[in-house]
Amino acid sequence: MTTKYPIILVHGIIIKDIGFIKSFGRIDTRLKKLGFKVYKSKVESFATIEHNATILKKEVEKIMRDCRVNK
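The numbering used here puts the first residue of the sequence shown at 3, with every later residue one more than the last.
By construction, these hints were calculated from the structure, which means they are not laboratory data.
Possibly wrong hints are sitting among the right ones.
As the list claims (entries may be wrong) - Pairs of lysine-lysine, DSS-like flavour, derived with a Cα cap of 27 Å: (1) LYS6 x LYS44; (2) LYS39 x LYS60; (3) LYS34 x LYS44; (4) LYS6 x LYS60.
Unchecked claim - Label pairs and their in silico Cβ distance ranges: (5) ARG70 x PHE48: 30 to 40 Å; (6) PHE48 x LYS6: 28 to 38 Å; (7) ARG32 x GLU52: 31 to 41 Å; (8) ILE9 x ALA55: 16 to 26 Å; (9) THR50 x LYS6: 13 to 23 Å; (10) THR4 x THR50: 17 to 27 Å; (11) PRO8 x ARG28: 31 to 41 Å; (12) ILE10 x THR50: 12 to 22 Å; (13) LYS35 x CYS69: 13 to 23 Å.
For each residue, glycine too, the CB sits at the ideal point set by N, CA and C.
Model the full structure from these sequences, guided by the hints.
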(Lines of atoms letter the chains of each structure in order from A; the text may use other names.)
(Lines give C-alpha, C1' and ligand atoms only; values in the text may rest on other atoms or scores of the structure.)
Protein backbone atom coordinates (compact mmCIF):
# COMPACT_ATOMS: atom_id res chain seq x y z
CA MET A 3 0.00 0.00 0.00
CA THR A 4 1.22 3.48 -0.77
CA THR A 5 -0.14 6.96 -1.23
CA LYS A 6 0.74 9.59 -3.81
CA TYR A 7 1.56 12.04 -1.02
CA PRO A 8 3.42 11.58 2.26
CA ILE A 9 1.58 11.42 5.57
CA ILE A 10 2.61 14.03 8.15
CA LEU A 11 1.61 13.42 11.76
CA VAL A 12 1.36 16.55 13.91
CA HIS A 13 0.75 16.28 17.66
CA GLY A 14 -1.40 18.62 19.71
CA ILE A 15 -0.64 20.45 22.92
CA ILE A 16 1.51 18.73 25.57
CA ILE A 17 1.98 15.61 23.45
CA LYS A 18 5.37 14.56 22.08
CA ASP A 19 7.77 11.65 22.20
CA ILE A 20 9.40 11.37 25.63
CA GLY A 21 11.63 8.35 26.06
CA PHE A 22 9.60 5.21 25.44
CA ILE A 23 6.28 7.13 25.46
CA LYS A 24 5.41 7.88 21.84
CA SER A 25 2.97 10.61 20.84
CA PHE A 26 1.38 8.49 18.12
CA GLY A 27 1.84 5.10 19.71
CA ARG A 28 2.62 2.61 16.96
CA ILE A 29 0.68 4.40 14.21
CA ASP A 30 3.74 5.72 12.37
CA THR A 31 5.57 2.39 12.60
CA ARG A 32 2.54 0.46 11.37
CA LEU A 33 1.95 2.82 8.44
CA LYS A 34 5.62 2.61 7.43
CA LYS A 35 5.47 -1.20 7.50
CA LEU A 36 2.49 -0.98 5.14
CA GLY A 37 4.61 1.05 2.72
CA PHE A 38 3.44 4.58 3.44
CA LYS A 39 5.84 7.54 3.62
CA VAL A 40 5.27 8.85 7.15
CA TYR A 41 6.82 11.86 8.84
CA LYS A 42 6.35 13.15 12.37
CA SER A 43 6.43 16.89 12.92
CA LYS A 44 8.67 18.32 15.62
CA VAL A 45 6.47 21.27 16.57
CA GLU A 46 6.82 22.32 20.20
CA SER A 47 4.30 21.33 22.85
CA PHE A 48 3.99 24.70 24.57
CA ALA A 49 4.84 27.19 21.81
CA THR A 50 2.49 29.75 20.31
CA ILE A 51 0.38 28.91 17.29
CA GLU A 52 2.41 31.37 15.23
CA HIS A 53 5.72 29.77 16.26
CA ASN A 54 4.55 26.23 15.56
CA ALA A 55 2.98 27.30 12.26
CA THR A 56 6.38 28.59 11.16
CA ILE A 57 8.09 25.33 12.18
CA LEU A 58 5.40 23.20 10.52
CA LYS A 59 5.55 25.23 7.29
CA LYS A 60 9.30 24.64 7.02
CA GLU A 61 8.89 20.93 7.75
CA VAL A 62 6.14 20.53 5.16
CA GLU A 63 8.14 22.41 2.53
CA LYS A 64 11.18 20.18 3.15
CA ILE A 65 9.09 17.00 3.00
CA MET A 66 7.50 18.20 -0.25
CA ARG A 67 10.95 18.79 -1.77
CA ASP A 68 12.31 15.46 -0.51
CA CYS A 69 9.27 13.55 -1.82
CA ARG A 70 9.02 15.63 -5.01
CA VAL A 71 5.35 16.44 -4.54
CA ASN A 72 3.56 19.75 -5.04
CA LYS A 73 1.01 19.57 -2.24
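Sort out which numbered hints this structure fails and list those numbers smallest first. 9, 10, 11
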